[in-house]
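J.: Let the hints inform the model, and build the full structure from the sequences given.
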Amino acid sequence: MTSKRLVFTRWGRRLSRSQRDDLHGRLLVSPTMLVVLVFVVLPFLAVLVLAFADVRLVDIPRLSLDRLTLTLANFQSALGSNRFWSALGTTLAYAACTTAGAITAGLVVAMALRRPFRGRGLVRALVLIPYVLPVVAATTIWKTLLNTEYGLVNAVGRQLIGWEDPIAFLTTRSQELGGIPIPVALVTVIAFEVWKTFPLAFLFITARLQVTPMELEEAAAIDGAGKVKAFFHIVLPQLRGVIALLIVLRFIWSFQNFNDIYLLTGGAGGTEVLAVRVYEELVTRANIGTASATGLLMTAMLLVLLFVYAWMIRRERT
Amino acid sequence: MNGGDRILGVLKWLVITLTVIVCAGPPVYGFLLSLRPFASVAAAPLSLIPSAEEVTLEAYPIAMGEYGLGGFMLNSLQVALATVVLAVLFSVLGGYAAVRLDFFGRRSVNVLFLGVYMLPGIVLAVPLFVLLSRVGLTGTLIGLVLVYIAQTVPVALYMLRNYFIAVPASVEEAAMIDGCGRLALIRRVVLPMALPGIAATSLYVFMIAWNEYLFALLFLVHDRPRWTVALGISQLTEFSVPATVLMAGSIAVTIPVVAGFFLAQRLLISGLTAGAEKG
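Those protein sequence lines, which keep their order, are chains A and B. Under my numbering, the letters of the first sequence match residues 61 to 378, in that order. Under my numbering, the letters of the second sequence match residues 822 to 1100, in that order.
Don't take every hint at face value.
Claimed, not checked - Facing chain A, a subset of chain B residues (Cβ under 10 Å, in silico): (1) T840; (2) I970; (3) L1052.
Please keep in mind that the hints were generated in silico from the structure rather than gathered at the bench. Ideal Cβ placement from N, Cα and C applies to all residues, glycine included.
T.: What follows is the structure, given as structure tokens:
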């Protein structure tokens, strides 16, 4: 810390202290900045270039910037394929349903656990299980539960409820139920995601409920309003902010989810979302260009969503 | 109390019961299966509780030894610990600077990190795979550690910042007047006071690195001896490995996370009480 010795006059001391803080600040942040620049910013710039280049996996050893020729072919190929559009539809349905499901479940459980009772601490701890369980463990257990030969769900269905055939939950694209086609595999991956993420919604909403005074509701009860009415008119309006935040966060995360879907179905049975598309383009088709273009389109859509959210918040404030 | 409220009271307990079954059920089911021979599971999938004479722990050594999960766990442990040490070190230094020091670019740091947090992992995975292949870092655990640090440091820094804000600046100024250098100050004054925060942050980083799947799949799938445990278990489900062995593996990956939680909880509490004693 030699910069400390730069003290000469009163005026100089002030200057050198701020200079010293500036220097130290930059030095202390530099490891973080370096790792983020090299492993996040640089790759993001690379994806911008790769999306406009004709590159395959086999080209990697010979890859260099000056040899790349820029083209729009990757975007044409991505936007021109039916799989892209069906993956976009699946992604939107998946993100919307998991967001709505997780927040609703989190809200219901948070309300049920609002008043203290014996064992509430234990129940709260158990609620967090799906959230902290490693994804791979959770998906492996779910796959076993839903297995057509020895899984518990199909065993219950066939031996207790009376299903004729086992249901292949993770590969069935569509099955009629009372004349309505149900996208079984998609519903299953949505159910998994709701199960895995509702604890977070529960935590957020519980935290907000703890600072919500009960007096208003008690007054409403005295006035003869039922609990249902009190919930919709008093509690829910106070939760608006936290629910809006949860909608944005959950939608963004579900929109880009790869692990949970890929581990459960591998994208089969009508569950191919955009993130799985990017992976398929990269690994199966060995096409870095179209994979990058698809990824970039995904990022652009997320950015648009974020801007809409920011704009809505602004409009609400003014 | 009107009729509607009475129905609500019943509904409430229904919801609580259902929640407990739905949340705790799958891991309990996995654990119970891991204790039974596979033939018995296939023959009677409905009898959940293993009978006394059939209870066996043999699925665990089979998973660890024969299918190599023990080695994979060791790989994961190395990766996760290296990530925790470096990511927490970087974020302690960076977090301190962001709280205490007015330096050029302080504000842009925040924006950058929010961006990192929101950028889809799968989008970064493509160029990272290309770049790391180019420099020969795919197929090594080092490449994975570097990527994990970049993925966790922004949030770790953000988490730690809130704990550093709670450390009074006057204590630091006193130490500085006593001739304490910046790094010594962080080590001797700031770190001990922010210990609970560091424990929580370490646990967060450990969990991310231990559970991570996508980058491990992309970088290491062709390199079986280097598989992490998350990759190992998911790859085993592709082969005809008995479900009981898979369940044993799933329970085994969960144990370090649960242990981490208990450990961190003790640290969190002891950190709080240590502060209280000095009053």
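J.: Would you mind marking each hint as holding or not holding in the structure?
T.: Cross-check of the supplied hints:
Taking 10 Å as the C-beta contact cut-off toward chain A, the hint placing T840(B) at the interface holds, the least distance being around 5 Å. Annotation: I970(B) was flagged as interfacial toward chain A, and the flag holds, the nearest CB pair being 5 Å apart, inside 10 Å. Checking L1052(B) against chain A by beta carbon gives a least distance of about 8 Å; that is within 10 Å, so the hint holds.
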